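K.L.:
Sequence:
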Amino acid sequence: MLLLCAVAAGIPVATVAAAEVEGIRLDDRVYIAQGVPELVLNGAGVRRKLLVAKVYVSALYLAQKKNVSDEVLADPGPKRLAMHVLQEEITAEQFVAALNDGLAANNQPPELAPLEKRIRDLAAMMRQVGRINQGGVVLLDYLPGIGTRVTINGVTRLTIAGEDFNRALLRIWLGDRPVDGRLKQALLGGKDSVLPF
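Residue numbers (numbering that gives the first Met the number 0): 0 to 196.
If you're looking for bench data, these hints aren't it; they were derived computationally from the structure. In this text, all values refer to a predicted model and were calculated from it rather than measured experimentally. Every residue gets a Cβ at the ideal spot worked out from N, C-alpha and C, and that includes glycine. Careful, some of the hints might be misleading.
Now the in silico label distances, taken between C-beta atoms and shown as ranges [stated by the list, open to error]:
{"id": "1", "residue 1": "E115", "residue 2": "E92", "range": "16 to 26 angstroms"}
{"id": "2", "residue 1": "I145", "residue 2": "A52", "range": "29 to 39 angstroms"}
{"id": "3", "residue 1": "Q93", "residue 2": "G34", "range": "34 to 44 angstroms"}
{"id": "4", "residue 1": "A17", "residue 2": "K53", "range": "11 to 21 angstroms"}
{"id": "5", "residue 1": "A62", "residue 2": "E92", "range": "28 to 38 angstroms"}
{"id": "6", "residue 1": "P113", "residue 2": "D175", "range": "32 to 42 angstroms"}
{"id": "7", "residue 1": "G22", "residue 2": "K116", "range": "15 to 25 angstroms"}
{"id": "8", "residue 1": "G129", "residue 2": "N66", "range": "16 to 26 angstroms"}
{"id": "9", "residue 1": "L49", "residue 2": "G189", "range": "16 to 26 angstroms"}
{"id": "10", "residue 1": "R176", "residue 2": "N66", "range": "16 to 26 angstroms"}
{"id": "11", "residue 1": "V67", "residue 2": "N132", "range": "27 to 37 angstroms"}
Please take these sequences and the hints and turn them into a complete structure.
P.N.:
Laid out in structure tokens, this is it:
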């Protein structure tokens, strides 16, 4: 809404404030690679565990805003899911356990079978990293025709091929049994979204 008001008033869009969640400033627009269209902030929110503990701030960026999870998952275009760690640390084992639980809850075994090696590769990379401390940032960027690029604290760690892998991964947050239902709605710009528009 603020964005529409700013445009109507003739204020340059660049002056519209980015969202801020739990002290984390989120860009309104991002570029994830050369030759890839700019992405806009679709929604953002906080991942809570046991409804109280704040684990991370998550933000979803898309080429065009969407508020239906199936449309996001079916979109073959570029995407970014960003996670800004709020708790003291996330260990590799916590990350891998959450990854496996989220994938199993939101994908059928026949969908996961062809992804097994790629899931193992992601888990192995996380074990090499060891932990992500408070203030750390994980970026999951989908680059069409290339795959899902995983960047941790500004360092590209791994790129995993396949749109199928990215779709399975995003279902952790946007699937029928998401890791956090309120966060899913926030990422889709719903009532729990912390966006200022």
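K.L.:
The structure should be examined with respect to each hint, and the outcome stated for every one.
P.N.:
Tested hints:
Between E115 and E92, the C-beta spacing of about 19 angstroms keeps the proposed range 16 to 26 angstroms intact. For I145 paired with A52, a C-beta distance near 35 angstroms keeps the hint of 29 to 39 angstroms intact. Distance hint for Q93 and G34: a CB-CB separation of about 35 angstroms, consistent with the stated range 34 to 44 angstroms. Take A17 and K53: their Cβ atoms lie about 20 angstroms apart, and the range 11 to 21 angstroms holds.
Separated by about 35 angstroms at the C-beta atoms, A62 and E92 satisfy the suggested range of 28 to 38 angstroms. In this structure the hint that P113 and D175 lie 32 to 42 angstroms apart at CB is violated, the actual value being about 20 angstroms. Distance hint check: the CB atoms of G22 and K116 are about 38 angstroms apart, inconsistent with the given range 15 to 25 angstroms. For the pair G129 and N66, the beta carbons lie near 37 angstroms from each other, so the given range of 16 to 26 angstroms is not met.
Judged by the Cβ atoms, the range 16 to 26 angstroms given for L49 and G189 holds: they are separated by roughly 22 angstroms. Separation of R176 from N66 is about 19 angstroms and conforms to the stated range, judged on CB atoms against 16 to 26 angstroms. In this structure, V67 and N132 meet the distance hint of 27 to 37 angstroms, their C-beta atoms being roughly 35 angstroms apart.
In summary, the numbered hints that this structure violates are 6, 7, 8.
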